[in-house]
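Student: Listed below, chain by chain, are the residues.
There are 2 protein chains.
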Amino acid sequence: MMIDYSKYCSNTTRILIPSIARSLLKFVEDREIISFAGGLPDPLLFPINEIKEIVNEILTNHGSEALQYMPSRGILLYLEELRKFLYRNREINTDTSNIVVTTGSQQALDLLGRVLLDEGGYIVVEDPTYIAALNVFKMQRVKIIGIPIDVVGMRIDILEETVKKLGNDGKKIKFVYTIPIAQNPSGVTMSLERKKYLLELAEKYDFLIIEDDAYGMLVFDEHIDTTPLYSLDRYGRVIYIGSLSKVLAPGLRLGHLVAPAPIIEMIEIFKQVTDLHTSAFTQYIAAYAFKRRVIERNIQKMKTIYKLKRDTMIKALEEFLSGLAEWTKPIGGFFIWLKINREIDTDLMLPNAIKRGVMYVPGKGFCINEYCNNTIRLNFSFPSVNQIRLGIAILSEVIRDYTKG
Amino acid sequence: MMIDYSKYCSNTTRILIPSIARSLLKFVEDREIISFAGGLPDPLLFPINEIKEIVNEILTNHGSEALQYMPSRGILLYLEELRKFLYRNREINTDTSNIVVTTGSQQALDLLGRVLLDEGGYIVVEDPTYIAALNVFKMQRVKIIGIPIDVVGMRIDILEETVKKLGNDGKKIKFVYTIPIAQNPSGVTMSLERKKYLLELAEKYDFLIIEDDAYGMLVFDEHIDTTPLYSLDRYGRVIYIGSLSKVLAPGLRLGHLVAPAPIIEMIEIFKQVTDLHTSAFTQYIAAYAFKRRVIERNIQKMKTIYKLKRDTMIKALEEFLSGLAEWTKPIGGFFIWLKINREIDTDLMLPNAIKRGVMYVPGKGFCINEYCNNTIRLNFSFPSVNQIRLGIAILSEVIRDYTKG
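Order-wise, the sequence lines are chains A and B.
Counting in full-length UniProt numbering, the first sequence runs from 1 upward without gaps.
Counting in full-length UniProt numbering, the second sequence runs from 1 upward without gaps.
No lab work stands behind these hints, which were simulated from the structure alone.
Incorrect hints may appear among the rest.
Unchecked claim - Cut-off 20 Å, straight-line C-alpha distance, at most; resulting in silico cross-link-like pairs (DMTMM-like, lysine to aspartate or glutamate):
1. A:Lys143 x A:Glu119
2. B:Lys52 x A:Glu57
3. A:Lys204 x B:Asp4
4. B:Lys138 x A:Glu119
5. B:Lys315 x B:Asp221
6. A:Lys307 x A:Asp221
7. A:Lys171 x B:Asp4
8. A:Lys301 x A:Asp221
9. B:Lys204 x A:Asp4
10. B:Lys138 x A:Glu265
11. A:Lys7 x B:Glu119
12. A:Lys355 x A:Glu32
13. A:Lys172 x A:Glu203
14. B:Lys364 x B:Asp345
Kindly produce the complete structure, drawing on both the sequences and the hints.
Tutor: Dropping the structure here:
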């Protein structure tokens, strides 16, 4: 007799899985298709030879440690090298006791969700925001409030109105989740003024800020303020999340969380229950990469390539989609946000695009209240320059045909 | 002003963290001390040179894939090689669609906890059982029922009484968590008869079985049945958890979960929300290790060394602790369970042991209802043969002094 396994599932599983399943990030294995869908770095930029040298040295000198069980918070060498790296590159002045190493920044989000959130609580996100962060918060069954963004980031004035109104109803938000630099999916960057305003609000209305700095080192244009909220914060309100996935290699699964010590202590316990610790082997690799300045040397090349790709996409959009759509002009990161000037559903249009050989993520899944049926997230980091030009040309035809029909 | 960060925490965090914090697994960094505490493999058994060769080949031929984002369930090559490995070594006949790769087997437990459990539900474990599994279940705030064990494993007759009694009260257990082979912490192995009885009960009383097979390949004595429950199961009731931490290297953080497809589908979604995926790099390493039969070649040496260490510990216990304590005689695995013939608290005795240069885990944290104040979990896989002899001699003095005092 067939067992109905769903009856053994938790309520969270039963309620949430169908909605979350629809928004899953799929990785296209089909190499024939031009993919603007994922958030993948260009694999040609991986410093493979330097990693090879490092791995040989690690296995020669530290094999027993790199392959062994290690403490949950991270290995000491890695924590110390990461601390210096954050100081050199992100103006983050912290102590190793304020850091937890995570299995990618996704796990940092998940751990924070588990440590901080109760069912029915309130949190704030940018609208639109990163799907996989939304899924973490949904898993905790909280009420998610979306605040609109404009060209200089989250509308902090609207945030203030919102927390004030909630306060009048005796309600409080626990934290604001933000990606201040080259936001995913919109590509927008928060101005220094807004950052300061946000920090003041956090203190005034007693909430925390989760700062997701995935793209902080990938800003191509000059004269842009990229100071993290964490280093501007005088109140101890900011929890900082970083990742090596965009600047070194996602396959190593290395992220980190920088926070006040009492939060780190709680995170550490959840971390141990969750997966004991992140791979000691990949931590050793990255520790050596920090020591040898592999990322700092590689980042200039990365910026040059990604800037070229962004410019190619913007130029192609201007050529093929002027009048038919609007788009953001990110100063860095991986994404451009496209809004088509018609009330079409880009989710329903997707099969047409795939049939013609182009893949994208429909905007709807990133949005809370904003009308996003007519939006698309375009990734420019992964496809080649030629694919970008060709793909946007094809996409414009798909849109034209679809809006005609 | 100092912020009280505990006020931002979830109820689970506030309620559970203090109790879980006390039972955390600490890794001793002090090399002077003889440690019977952790569950660490002997690092001299890591196949470092073979891993070095493999890593060089991977970075030469698959660098772009090994360093990139990959699908949440695992990379195809790894899933396929793992499937064959499980078939060759554990009589497990399954399909890659029934497997999820996890960041160590700890994550397999955590994912199952999240997918299956609701607050207030009932589950069954062996009493005593693995602390880090208990912590996962505690996090889900379920009621944990402990079933005593004897020399041939969990007392299934008592389990039957228990589920019957619960049934009379209109209650049901969701699953039984068991480590059938060389159990952690007791070292006990379940007999074939008990395994069959357990499977029949699962079908009759409609519950699932979570089989933790951490030590299934590390059985030193012959003529011992080591068939996994998974391969004996004709009903689709068993969820199998495996790990490469004991047979290859814990630093790679590779575990896996084999289960009926509907459960795998739900696990996959939680896996994506939790950490997107397990390191592609370490998956590639292990896939090649499977292909080249690295584990199968290495396992004979492992068994020889661990058998020697177990025998050394048993002999030392006989020499130094006869009459003062009783202990289990495991047919494999990493642990011996020691019960002192006095009502002493091994937790309170621990500082005395550490002062004399010996470390162990007090048994209390592993137990549900059993009286365990006078018990100790002894690990024999990590310390050297000389350390084992010396350490047990010291421990016997510590116990003698403590029970005198």
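Student: The structure should be examined with respect to each hint, and the outcome stated for every one.
Tutor: Do the hints match the structure? See the list:
| no. | hint | result |
| --- | --- | --- |
| 1 | A:Lys143 x A:Glu119 | 8 Å, holds |
| 2 | B:Lys52 x A:Glu57 | 10 Å, holds |
| 3 | A:Lys204 x B:Asp4 | 15 Å, holds |
| 4 | B:Lys138 x A:Glu119 | 18 Å, holds |
| 5 | B:Lys315 x B:Asp221 | 16 Å, holds |
| 6 | A:Lys307 x A:Asp221 | 8 Å, holds |
| 7 | A:Lys171 x B:Asp4 | 19 Å, holds |
| 8 | A:Lys301 x A:Asp221 | 14 Å, holds |
| 9 | B:Lys204 x A:Asp4 | 15 Å, holds |
| 10 | B:Lys138 x A:Glu265 | 18 Å, holds |
| 11 | A:Lys7 x B:Glu119 | 15 Å, holds |
| 12 | A:Lys355 x A:Glu32 | 11 Å, holds |
| 13 | A:Lys172 x A:Glu203 | 13 Å, holds |
| 14 | B:Lys364 x B:Asp345 | 9 Å, holds |
This entry satisfies every hint, going by the numbered hints stated previously.
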